[in-house]
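Next come the chains, spelled out residue by residue.
Protein chains: 2
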Amino acid sequence: MTLGKLILIPSWLHEENSAAQFPLDALNQVYALRLFIAERAKTARRFLKAIDYPHPLSEVQMMELNKHQEDDVHRLLAPCLNGQEVGLISEAGVPAVADPGGIIVDTAHRMGIQVVPLIGPSSLLLALMASGMNGQRFTFHGYLSRSEHDLQKELRAMEQDSRQLNTTHFFIETPYRNDKLMATMLRSLAPTTELSAAVNLTSPSQWIRKMTVLEWKKSGVQIGKQPAVFLLFAGKIPS
Amino acid sequence: MTLGKLILIPSWLHEENSAAQFPLDALNQVYALRLFIAERAKTARRFLKAIDYPHPLSEVQMMELNKHQEDDVHRLLAPCLNGQEVGLISEAGVPAVADPGGIIVDTAHRMGIQVVPLIGPSSLLLALMASGMNGQRFTFHGYLSRSEHDLQKELRAMEQDSRQLNTTHFFIETPYRNDKLMATMLRSLAPTTELSAAVNLTSPSQWIRKMTVLEWKKSGVQIGKQPAVFLLFAGKIPS
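If you read the sequences in order, they're chains X and G. One point on numbering: in my numbering, the residue at position 175 of the first sequence is 175, and numbering is uninterrupted. One point on numbering: in my numbering, the residue at position 150 of the second sequence is 150, and numbering is uninterrupted.
In isolation and in its complexed conformation, chain X is listed as follows (with noise of 0.2 Å):
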């Protein structure tokens, strides 16, 4: 027997138009589907409502991914070992980056299932792009330390790794916290130091600056409590 697929959905950045974020043959694989796992089914079945899927909610099965024990995962897999299809949906942007995903994806490896990754919003992918940085060389932290001191070491850290390897280094921080973030960042770092912000992506208030720490500071921008990933530089982009 074929083993059903596990399907990689990606979710909204921003709940604004949404089936028009997504290529139309993303949407018509996800249509086919009427098994998914996702962290929460009720924005899960939001998510389906507001790209147009065309069955009745009440026929679709939602497994909630709220456990991470491999015994779980093997539960929730279990279908396509029948030859079912499976939609594994993030909670925003794309499954098993910046995201619980990742556990789910590696058992359906180690189980012979194939895994199919759909086209869509990845706020990662879309600050990196525009960063104006180097997209050669490139290295995702996820959140840093909450402490200051080990913060403006990590900080430290990457700067000095971008001076020498060229390397953009990116995170992520608790929309709350982005402006302690960005002081600490203003404190720390070489006044030459570029720094990009990416606020909002895919919103129609999206805003996206590239400036020195001595320019940020002069212009006195603040980010406030919006999703956003920062991107540190100081290298050179190789042409």
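It should be emphasised that the hints constitute simulated quantities derived from the structure, not laboratory data. Here the structure is a predicted model, which is why all the values come from computation and not from measurement. Among these hints, one or two may not hold up.
Treat identical chains as interchangeable: a pair holds within one or across any two.
Said to hold, decoys possible - Straight-line Cα separation of at most 20 Å, EDC-like style, residue types lysine to aspartate or glutamate; simulated pairs: (1) K42 <-> E64; (2) K153 <-> D99; (3) K236 <-> D99; (4) K225 <-> E91; (5) K49 <-> D25; (6) K236 <-> D72.
Knowing the structure of chain X, use the given hints to seat chain G on it.
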């Protein structure tokens, strides 16, 4: 006067069924443009045709990005200063990520031009999503060393870093060297280290596998001369 924006346009990874690989919102933003920067005008025109660009291609101005002198980049972006919007089209995947467009985006920021990244296919992001490795911390290296000795050193440094910090490391190779790279990896890395290969992404012959070095050796699978992204992981996926 308001400056025109720089719109970052992802391009196809494979030519089949092209328009269906792009969100309607992205297509509409491309359809509104008349001025483009591209590596090769010919491929870019073929791409526009394939995504059902609604205007005669004779009305399109296609500027080629064949040199990377800063003067040249300023000239390419000059229309934005007159309020015109300019599209930057990649040869494959998203502009400025594993792609020479970075210098254009950098210059746009310096000129105060707004940068707008569109959603579309990226082999790096698709490979990372589907890898079953850590998507909370990752480093992209572009192309690795050609010298066998340096390559082995690089691979072992990645393996060591991955063990310590749970980083997923990923990189690309010129297709005709894929099997040589794979052979070096299988020779140089620990049997338990995981390798993922994402081959021919978005094409009908797409395949994605993740196995340990030992399993790859036993399987005897060859990648062949196909576009591929390689990923290496020796850590533990955080839950």
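Going through the earlier hints one by one, which of them does the structure break, listed in rising order?
-> 2
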